[in-house]
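Peer 1: Residue-level listing of the chains:
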Amino acid sequence: MDNHFGSHLSVVVDLSPAQWHRAAADRDSPLAVDAFVSQLLAFLNAHIALKHENSLAVFAAFPGKSVMLYASTDPPDRPTPIDPNSYPPFKRLDSTVTARITAQLAADIHPEEPSALVGAITKALCCLSCSSRHCESNLLFLPDINRLSLGHDEASDPRILVLSVSPDLATSYIPIMNSIFSAQKLKITIDACQIFGPDTVFLQQAAHLTGGSYLYLDRRDALLQYLIMSFLPPPPIRKVLAVPTQDRIDFRAACFCHKNIVDIGSCAQSAYPSSASPCPSVPPVEQSSPSKHYSVSMLPVRRPAPQHQTVAGEYTPVSSSSEWDPGHQRI
Amino acid sequence: MPPKHIDDMDIDSDYSDISIELGNISKGRNRKGKATDKRKQDKGKAKAKEQAYTWEASFTRSWDTVQEDEAGSLQTSVEDLMARGRRRRLLAPASAIRRTIIRHLILILDLSSAMMDRDMRPTRFDLMLQYAREFITEWFDQNPLGQIGVVGMRAGLGERIGEMSGNPQEVLKSISDRIKLEPTGEPSLQNAIEIACGTMSHLPTHSSREILIIFGSLTTCDPGNIHDTLESCFKSKVRISVVALAAEMKICRDLCDKTGGQFGVAMNEGHFKDLLFELVPPPAQRAITRTAGTGTTNPAADLMMMGFPTRLPDASPRSLCVCHSEMKSQGFLCPRCLSKVCDVPTDCDICGLMIVSSPHLARSYHHLFPVKPYDAVQNESDILEGSTACHACARPFPTKAAPAKEGLSPVGRYRCPDCHNDFCSECDVFVHDVVHCCPGCGK
Ligand SMILES: [Zn+2]
Ligand SMILES: [Zn+2]
Ligand SMILES: [Zn+2]
Ligand SMILES: [Zn+2]
Ligand SMILES: [Zn+2]
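Read top to bottom, the protein sequences are chains F and B.
Numbering (the working numbering) for the first sequence: 1 to 331.
Numbering (the working numbering) for the second sequence: 1 to 443.
So that you can see chain F by itself, here it is in the shape it has in the complex (with noise of 0.2 Å):
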C-alpha cells in the first residue's frame, strides 16, 4: 500500500448534451452541466494533490466522438498563465480540460447521436497498454508482444472511473463486454458513477467482472462528496473502507430482436461473423416446444421480472450453407 508508485486514473466523461439538458431540468435532483464540470474538475484536483506521483488521463465521449481531454503525460499545449492564486497543475489541468471541452461542444456535433462511450473506454485502455508498454521495454524486453499483462505495474493500479449520464445502448453491447474484458484481463479496475438517466446493466457488469465499484448517484446536488468518498481512494486503500457494494447483479438475457427476458433459452453452438445485427431475421416464435426458442444474443435484463419461462427469440443463420466454403476450414 505504502509504494513510491502513485495510483493512474482515468477519467470518462459522458458528455452528452441532450442527456445533460434533461438532467438540467430535473425535478427532484437538477445537476447542469457547468455546475458538473466545476465538481469534476475539484476531485481531478484531489487526485493529483494526493501524491506527487499520480498520473491522471481524462476522455470525454460525445455524441458519435470521443476525444481526449486531457493527460498528465502530455506536454503542456501553450505556456499556462501565472496566476498567483492557483497551483499550477490545478491550473494547467482546470484551463486544459475546459478549453477542450469548449472547443469540442462550438464544434458541429449530431446531438441526437449516442454517446461514443465505447470509444471513450476503448482509447483509455490503449492509453494504458501504450504507457504500461513503454516503461515495460525500459525495464526488460519481452519479445512476446501478445502477453500484454500489466502484472509488474500492478503498484500503479491503473483504473477507468466512467461518470455516465446515458442509458445502455443496445448495439454497443458486444464492443462494450470486449473492452471489459480486457481491462479484465490487464487488470484494470472499472468504476462507474451513473449520475443520470436509468441504472445502466452494461456498467454494474464492468463494475462488477473488474472489481470496481458501481454507484448510482440519487442526491446529484451531492457529487462532489460521491465521487470523493468512494472513487478517491486507490483500490488497495478501499479494501479497508467500506466502499458501495453490488447487491444483485442480473446474468439473464434478452434476445436482440424483442428484448424478451429469458431464464432458459438455446443458444446456436456456432455462429457466424457478420457485421450485421446478429438477429436478422425472426421466425414466429413457437411456444409449444422449449427447445425450438433460443437466443443467440443476449442483452443484459434490466431489473428482476416477472417470470418468463420458454419466451425466447429466434434466430437463424443469415447464411445458407452454399456460403460455407471448405477451403476456410484452416485458420
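Do not take every clue at face value.
[Unchecked claim] Partner residues aside, some chain B positions facing chain F, computed with beta carbon under 7 Å:
no.: 1; residue: R336
no.: 2; residue: C437
no.: 3; residue: P439
no.: 4; residue: G442
[Said to hold, decoys possible] Using 20 Å as the maximum straight-line C-alpha spacing, the simulated SDA-like pairs for lysine to any residue come out as follows:
no.: 5; chain 1: F; residue 1: K187; chain 2: B; residue 2: Q330
no.: 6; chain 1: F; residue 1: K185; chain 2: B; residue 2: D141
no.: 7; chain 1: F; residue 1: K239; chain 2: B; residue 2: D141
I should point out that these hints are in silico values taken from the structure, not numbers from a laboratory.
Here the structure is a predicted model, which is why all the values come from computation and not from measurement.
Cβ coordinates follow ideal geometry from the N, Cα and C atoms, glycine included.
Given chain F's structure and the hints, the job is docking chain B with the ligands onto it.
Peer 2: Frame of chain F, contents of chain B with the ligands only:
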C-alpha cells in the same frame, strides 16, 4: 515450369551426340539436383530465413536472437515482431466463417521417454508443461464456455490425467504436479485417442469435439490398427490436431488431414508456442457438420439449452450449494430447478442444465465480430490533414518516414477502413489482439 523445360532441352541438345544412356543419367542427375533444390526452397519457405532447427543451432537464448540496431535500440526488433503479427492477421480470411462457441478439447500430452530430450530447453517435457499451462489459460480466456480434458501417453498406455472440465483452475491443477507426470516408456497414439474419444462420446454429435496431441516421439506402439481408430474419429467428427516436436510422421499427418485438424512440426521453442496458440481461436466449422442434417436448415440441431442464473447477493442467508455441499451465502441460482451453484459457467448438478452468465456468452462471441485489419499508410501524401497523433493513445506519430518494410507503414500510421482514423502500430496490435473493438468507430 517453363524454365525447367528449357533446362531439359538444353541438356538434351548438349549431350545429344553422346549415348542415350548417358543422356538418361545426366537427366536423372539433373532431376535429382532439382528435387533437392526444391526441398531446400520448401524448407526455406516453412521457416524464417537463417533460422535453424533447434538441434542444428548452437546453444542460444531468446535474448541472443534479439538484435540491437545501429543506434543500440531494440525498437527495430520489436517492429519486426509486430510486422509478423500484422501479416498473420492479414492472412486470416475476412469472409464469413462459421465458428464454434461451445468447444470440447482433449489435450493429449506425450509422456514418453522421448520427451526427456534436451533439444528444447530445458527439456521437451518441461517446455511442454509450461506451454500447456499458458495454452489452457489463454484457451479458456477465449472460449469461456469450452471444456478441456487431459490425457497422457506413457508406457504404452493412455491415461486420464484430468477429467473434462470447464474450470481452468481444475485443468491447470491436473497438470501442475511435475513428478506425477514423469515421462517413461513408449507412447501409444491409438490408446490415447481411444480414451479421448471415449471421454467425449457422451457429447451430442453436433457439439465440437477436438483432440490436440503434443507429440515428441517418433514411434507409437499400438495394440491394433490405428487406421481403424482414425476412421472412427472421422466418423464421429472428432477433429485431431498434432504439434510434433521431433519430425513429421505420416500417421500424424494423416490424422490431421483426414479429420480437418492442423499439423505442425515445431522447429524451436518459439515456433512450438506459435503452433499451440494457433489452436486457441475456435476453428472454422467443418462443412460436414452443416450438411449432416436432413439438408434443410434445421437450426435446432445446432442448439444447446442454456440457463441464465440469478446471482445471490453477498448478504443473503447462507445455504448449501449443490456442487460442493458447502454453506455459503453467495452463489448462483439455476433458473430451472432453483438449486444453488458456486460458480458459472457450469452444468447444474441437479438438472444438468448448462448455466452461463450473459458476459460469458458475450465473450464467446467476440470472434464473430472481428475488427477489420487496419491498412498501413504507405505514402506521406496519404496522411490526412490535421492528424498528428494516434487517434487512440494520442502519442504523436513520427515526423520523418522510416525505410519501408513489408507490412509496415513507413510513416507509422495504420488506418481503420471504417472510421478512417490513424493509429500507431502499438495500438493497432492492441486493438486487434486484445480489445477487439476499434476506438474510432466503437465497434
Ligand atoms: Zn428475439
Ligand atoms: Zn459449491
Ligand atoms: Zn438445475
Ligand atoms: Zn496509439
Ligand atoms: Zn474504426
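Peer 1: Now tell me, hint by hint, if it's right for this structure.
Peer 2: Hints, one by one, checked against the model:
no.	hint	in the structure
1	R336	holds (6 Å)
2	C437	holds (4 Å)
3	P439	holds (4 Å)
4	G442	holds (4 Å)
5	F:K187 / B:Q330	violated (23 Å)
6	F:K185 / B:D141	holds (9 Å)
7	F:K239 / B:D141	violated (27 Å)
When held up to the earlier numbered hints, the structure conflicts with 5, 7 and fits the remainder.
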